[in-house]
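All chains, full assembly: derive it from the sequences and hints.
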Amino acid sequence: NAGVTQTPKFQVLKTGQSMTLQCAQDMNHEYMSWYRQDPGMGLRLIHYSVGAGITDQGEVPNGYNVSRSTTEDFPLRLLSAAPSQTSVYFCASSYYQGAYGYTFGSGTRLTVV
Amino acid sequence: GQQVMQIPQYQHVQEGEDFTTYCNSSTTLSNIQWYKQRPGGHPVFLIQLVKSGEVKKQKRLTFQFGEAKKNSSLHITATQTTDVGTYFCAGWENTGTASKLTFGTGTRLQVTL
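Residue numbers (the numbering used here), protein chains in the order written: chain A, 1 to 113; chain B, 1001 to 1113.
Everything labelled a hint here was simulated from the structure, so no lab data went into it.
Each computed SDA-like pair below joins lysine to any residue, with the alpha-carbon atoms no more than 20 Å apart:
#: 1; chain 1: B; residue 1: Lys1036; chain 2: A; residue 2: Ala99
#: 2; chain 1: B; residue 1: Lys1056; chain 2: A; residue 2: Tyr100
#: 3; chain 1: B; residue 1: Lys1100; chain 2: A; residue 2: Gly58
Listed next, with one range per pair, are the computed distances between beta-carbon atoms:
#: 4; chain 1: A; residue 1: Ser106; chain 2: B; residue 2: Val1050; range: 26 to 34 Å
#: 5; chain 1: A; residue 1: Asp38; chain 2: B; residue 2: Arg1038; range: 15 to 23 Å
#: 6; chain 1: A; residue 1: Thr86; chain 2: B; residue 2: His1075; range: 33 to 41 Å
#: 7; chain 1: A; residue 1: Gln22; chain 2: B; residue 2: Thr1027; range: 30 to 38 Å
#: 8; chain 1: B; residue 1: Thr1082; chain 2: A; residue 2: Asp73; range: 31 to 39 Å
#: 9; chain 1: A; residue 1: Gly63; chain 2: B; residue 2: Gln1014; range: 37 to 45 Å
#: 10; chain 1: B; residue 1: Gln1014; chain 2: A; residue 2: Pro61; range: 40 to 48 Å
#: 11; chain 1: B; residue 1: Asp1018; chain 2: A; residue 2: Tyr95; range: 29 to 37 Å
#: 12; chain 1: A; residue 1: Pro83; chain 2: B; residue 2: Ser1052; range: 41 to 49 Å
#: 13; chain 1: A; residue 1: Asp73; chain 2: B; residue 2: Val1013; range: 36 to 44 Å
Computed from a predicted structure; not experimentally measured. By construction, the Cβ of each residue, glycine as well, lies at the ideal position given by its N, Cα and C atoms.
Next up, the structure:
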């Protein structure tokens, strides 16, 4: 089992550029989510999905879009990158939101210059 | 909104000493989860506590859920260098109309010989 796979592992963007962070899981989990991790801030929820075709905003959704066309994939799109979006991004999945432990991907370290 | 606070933010111990981190929620929780993140790594699910007053053990790690289901603790007996990392609690609040898993800011543990 691959678990949760995130690509790329590292990315440098220029301000204003757009890009998509990929997340795929092979555990048939219904719930998927995106977090960003900044020093001293813990993990903050960006967007989440409780199933294919259903997405909702988390704590810090501005500047990000998501879609969930399949159970396996949950890409995160940065619309117009800003230096404030420099962070480590984690994708996580679970059988059910909050009621089971989350499986995290290995993360994408994003720098916006 | 729900807030989950963790203390201390950082602790440095000598190998063999005990370590405890505390987690406090502003609201009553349905369950609490604990995660460990090694330096440069991703969060890894350790355990979930559901019942009021529940105590669970994993080798040298003891997890406790408070009677009021608003606080939790993780105690490590006789720390080892392999225990180095950041420990996060995450509180799940399910009110029926809204549900949310909120991560604490984490406690970073450093263990030296």
